[in-house]
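Novice: Sequence:
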Amino acid sequence: MTIRIRDGRETDVAGIARAHVQGWRESYKGFLTPAALAGLSVEERVQLWQRALAEQEPRAKLLVAETRDGEIVGFIRGGPIRGENADGLGTETEIFAIYLLDKVKRQGIGRRLMTGVFDHLAAHGVRSVGLWVLKDNHPARRFYETLGGTTGPEQSFDVRGQMVTEVAYRFELTPQG
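At position 2 of the sequence shown (counting the first as 1) the number is 2 in the UniProt record's numbering, and the numbers step up by one without a gap.
These are computed hints drawn from the structure, not numbers from a lab.
One thing to keep in mind: the hints can contain errors.
[Stated by the list, open to error] Once the Cα atoms are required to be at most 20 Å apart in a straight line, the calculated DMTMM-like pairs of lysine to aspartate or glutamate come out as:
| no. | residue 1 | residue 2 |
| --- | --- | --- |
| 1 | 29 | 172 |
| 2 | 135 | 26 |
| 3 | 105 | 145 |
| 4 | 135 | 166 |
| 5 | 103 | 154 |
What you are looking at is a predicted structure, and each value in this text was computed from that prediction instead of being measured.
Start from the sequences and build out the full structure, keeping to the hints where you can.
Specialist: Structure below.
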């Protein structure tokens with residue numbers, strides 16, 4: 001399957017929201033309760049992504065992975081660190097979200113998405129980027145470690161009535177320019 005990586009647009013909101021919900025359900029089915037996963041809503045994610053795309057932050061980057069027929073099968077968004085994550089990550093910027101549908105995993109698409117955001121951030125003089133991942137999500141953790149991520153602190157929080165623990169990953173970038 002040929003997958004194209006391109007900048008995300010406002011017209012992609014519905015496709016991103018669908019990929020977000022399906023990506024959660026596929027990626028976290030072994031970590032979150034069925035009730036927590038069933039509570040996810042495409043409509044809720046559409047609103048979240050409309051707000052996110054309304055932000056005019058030049059250092060933020062949204063990339064989508066799409067099939068030849070235009071189906072969004074993955075995405076990534078990164079940019080300046082948000083207030084609630086500033087203390088824990090200890091980086092200038094963060095990956096807010098990266099999701100791929102199961103049918104396109106292990107084809108190098110995640111690496112292409114991460115590299116695209118890393119390159120964008122480095123071009124803006126960023127030296128470090130972080131992200132949070134479920135501690136028990138070993139496939140994702142191996143992926144981040146393969147990309148050079150190093151582990152950091154942990155945090156626990158409630159996801160739709162279930163307590164989960166996340167671990168931070170930090171990536172060092174070489175600023176360009």
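Novice: Indicate, hint by hint, whether the structure satisfies it.
Specialist: Going through the hints against the structure:
| no. | hint | result |
| --- | --- | --- |
| 1 | 29 <-> 172 | 31 Å, violated |
| 2 | 135 <-> 26 | 17 Å, holds |
| 3 | 105 <-> 145 | 16 Å, holds |
| 4 | 135 <-> 166 | 5 Å, holds |
| 5 | 103 <-> 154 | 30 Å, violated |
The structure is inconsistent with the numbered hints 1 and 5, although it conforms to all the rest.
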